[in-house]
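**Student:** Sequence:
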Amino acid sequence: MSSSHDWINTPLAVVEEIFASSHSSPDSGWESKAVDFFQGHLKKDCADTWVPSLNDVPLHYLKPNSLVKFRCLIQDMFDPEFYMQEYETMDPSTQAKVLRCGKYKDVTECGVDFNSRNIVTAERQTFYCVPIPGESPWKRSYEEDEDMNTLKQKELLTGPQIPTEQPRSGDFKRQETEAPSSQSASASPLDLNFPLPGEKGPSCLLKVYEDWDSYKLNDTLEVYGILSVDPALSALAEKNDVSSSLLDPTECMETAEEQRVHSPPASLVPRLHMIYAKQVPNNNPLLPSDVLEDKSWSLSSTLSEMASVKAELHTYLTHVLLGDALAAEYLILHLISNVYARRDVLPLGKFTLNLSGCPMVGSYTENLSKIIQQLVPSSYYLGMSLQNMNHMRLVPKKDYVGNRLLSGALQLAKNTLLFLDETQLEQGQLDTSGVQNITALGNLISWQKVEYDFNFHQMEFPCNINVLITSEGRSLLPSDCHVHLQSTVDPAHMEEYVSSIHMPLHVASQLNKFRIYLSVARLLDYTISDDVTKSVEDDFVDMRKDDPQSISAEEFHRMLVVARLLSLSLGQTSLSRDTWSRVKHIEILRRSRLDQHKTVNSIEQ
Numbered sequence: 126m127s128s129s130h131d132w133i134n135t136p137l138a139v140v141e142e143i144f145a146s147s148h149s150s151p152d153s154g155w156e157s158k159a160v161d162f163f164q165g166h167l168k169k170d171c172a173d174t175w176v177p178s179l180n181d182v183p184l185h186y187l188k189p190n191s192l193v194k195f196r197c198l199i200q201d202m203f204d205p206e207f208y209m210q211e212y213e214t215m216d217p218s219t220q221a222k223v224l225r226c227g228k229y230k231d232v233t234e235c236g237v238d239f240n241s242r243n244i245v246t247a248e249r250q251t252f253y254c255v256p257i258p259g260e261s262p263w264k265r266s267y268e269e270d271e272d273m274n275t276l277k278q279k280e281l282l283t284g285p286q287i288p289t290e291q292p293r294s295g296d297f298k299r300q301e302t303e304a305p306s307s308q309s310a311s312a313s314p315l316d317l318n319f320p321l322p323g324e325k326g327p328s329c330l331l332k333v334y335e336d337w338d339s340y341k342l343n344d345t346l347e348v349y350g351i352l353s354v355d356p357a358l359s360a361l362a363e364k365n366d367v368s369s370s371l372l373d374p375t376e377c378m379e380t381a382e383e384q385r386v387h388s389p390p391a392s393l394v395p396r397l398h399m400i401y402a403k404q405v406p407n408n409n410p411l412l413p414s415d416v417l418e419d420k421s422w423s424l425s426s427t428l429s430e431m432a433s434v435k436a437e438l439h440t441y442l443t444h445v446l447l448g449d450a451l452a453a454e455y456l457i458l459h460l461i462s463n464v465y466a467r468r469d470v471l472p473l474g475k476f477t478l479n480l481s482g483c484p485m486v487g488s489y490t491e492n493l494s495k496i497i498q499q500l501v502p503s504s505y506y507l508g509m510s511l512q513n514m515n516h517m518r519l520v521p522k523k524d525y526v527g528n529r530l531l532s533g534a535l536q537l538a539k540n541t542l543l544f545l546d547e548t549q550l551e552q553g554q555l556d557t558s559g560v561q562n563i564t565a566l567g568n569l570i571s572w573q574k575v576e577y578d579f580n581f582h583q584m585e586f587p588c589n590i591n592v593l594i595t596s597e598g599r600s601l602l603p604s605d606c607h608v609h610l611q612s613t614v615d616p617a618h619m620e621e622y623v624s625s626i627h628m629p630l631h632v633a634s635q636l637n638k639f640r641i642y643l644s645v646a647r648l649l650d651y652t653i654s655d656d657v658t659k660s661v662e663d664d665f666v667d668m669r670k671d672d673p674q675s676i677s678a679e680e681f682h683r684m685l686v687v688a689r690l691l692s693l694s695l696g697q698t699s700l701s702r703d704t705w706s707r708v709k710h711i712e713i714l715r716r717s718r719l720d721q722h723k724t725v726n727s728i729e730q
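Under the working numbering, the first residue of the sequence shown carries the number 126, and numbering increases by one thereafter.
No lab work stands behind these hints, which were simulated from the structure alone. Errors might be hidden in some of the hints.
What follows is a set of in silico ranges between Cβ atoms, one per label pair, in the way DEER data are often shown [what the hints assert, rightly or not]:
hint	residue 1	residue 2	range
1	Ala-432	Val-632	14 to 24 Å
2	Ala-617	Arg-467	41 to 51 Å
3	Lys-709	Cys-171	46 to 56 Å
4	Asn-580	Gln-554	17 to 27 Å
5	Ala-432	Glu-585	34 to 44 Å
6	Asn-580	Arg-702	52 to 62 Å
7	Asp-238	Asn-637	56 to 66 Å
8	Asp-204	Gly-553	35 to 45 Å
From the three backbone atoms N, C-alpha and C, an ideal C-beta is built for every residue, glycine too.
Given only the sequences and the hints, what does the whole structure look like? Please build it.
**Tutor:** Below you can see the structure in the form of structure tokens.
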């Protein structure tokens, strides 16, 4: 491969050279060679940080046909399409023929010889992708700073890695304040189909050439591909709009509405031709990529510090939760919970938490959601007002006219924290849509699934979403654990106290420790030895011996979930007798507090 090629700025030139060299020799397989070339370069010396990101760089600053990356969620899947993988062009003046490569392109060169026997057609799959819903602002700003620091360090050692005529992603951010966007998504009548209201960022049509069956709806990916914003695509979309009333159904398989949805202007929805993609199982940029591939990293460098980091986080959350240390303990367990397996229809590991007793002053619950947003990579605050419950679309719905999936607020990525604020629910009547939304939330909490609406039937999609419910009394929604806040704050000073805790921590290094801690704890494996299992079972029998009603099988199951999470929160990958004793202690405290609250309520009534 010629060293003169800039594989980021002109990736198609690299592809075409590999294509030409492979066809000049009996050894073919040029497609895999091209993919191997880019994968190899991306893995060299943090080279992936040189590639501009669609998430952070305005589209009008990106060079057409350059290599870009995009961190996204697969929101919809369109039908496969045919394209010319290889074709010949003929010069009309000289009659000379040239074999061309059509892969990673939307538009062919002029002069295609359609009578040539060298035309090779192939299929590619199209996914409609959007930025990962609910990404926390700290995550985006961290990645920008990290990319710039990495690039500056490299340039000090080796000089610029990217030609100076193309700005790096950090430079794009600086230029964004100097030049307004030529066309914004908000100014377009086209619905970009973001799952969450108020979301910004590009959507794109992702063209996948190999192994597209390995990708599923709602998968989160980091894609490296060739950006296509060819004006011909926008011209085609405009032509379809103008001529939609003249379309002959016998000549076109797609309706006019389908064409509008599936072929939007490239200036709004660029095409991205995938060369390489990797799953994003944990959307935390502070974790090195190898921690997801080799968990020994977390065990060797982080495990020994987890207990001390947890103590710091517990102190901070105790302050946030009005001085309630027990609630802070359970909130940490909730933040590291994760569906790690499914047994038949039962999702194992989920831990929906209901924090009741939340004060109704100073927008406490909204401030709490903002603080939690500073700790997790992705979250969404949903105020459960009658307006939202009756009018929001929570469940995705199939649009058969446009042949697309209309997104809903519950179409979220794995490990997103869904903050349900029930203190916003005022008196009034839920209509049919509101009842359906409440039912959908209940199914999500109980079964970790969302039933998408396909009009004539429902289709279940499993999910892995942490649900935190804040309420004044016990929530009307189900939960795995109910903790009633016990404030140590003088009621006369409650509003002043609440207003003082809405600001996030100021020390970035401390926040980053908490963010890494929560992500690593979720990734750890967990086991119970035979001896401890026997001890736990004996405890259950003893607890029921004197009073069979003292603990149910459901409560015992919750204790086992708490035991797993408490062990992981301390960096322990197996349950110890000391931890089990701690579980019994905090569960007794939690249950006795609920009983006291019920007694107080009954007396007041």
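**Student:** Please go over all the hints and tell whether each is borne out by the structure.
**Tutor:** Evaluated hints:
Under the hint 14 to 24 Å, the C-beta atoms of Ala-432 and Val-632, about 20 Å apart, fit the expected range. Restraint check, Ala-617 to Arg-467: a C-beta distance of roughly 49 Å satisfies the suggested window 41 to 51 Å. One distance hint, 46 to 56 Å for the beta-carbon pair Lys-709 and Cys-171, holds here, with the actual separation near 48 Å. Asn-580 and Gln-554 have their C-beta atoms about 26 Å apart, which keeps the hinted 17 to 27 Å range intact.
Between Ala-432 and Glu-585, the C-beta spacing of about 39 Å keeps the proposed range 34 to 44 Å intact. A hinted range of 52 to 62 Å for the beta carbons of Asn-580 and Arg-702 is consistent with their spacing of about 55 Å. Take Asp-238 and Asn-637: their Cβ atoms lie about 58 Å apart, and the range 56 to 66 Å holds. At roughly 43 Å, the beta carbons of Asp-204 and Gly-553 sit within the given window of 35 to 45 Å.
Checked against the numbered hints given earlier, the structure satisfies every one of them.
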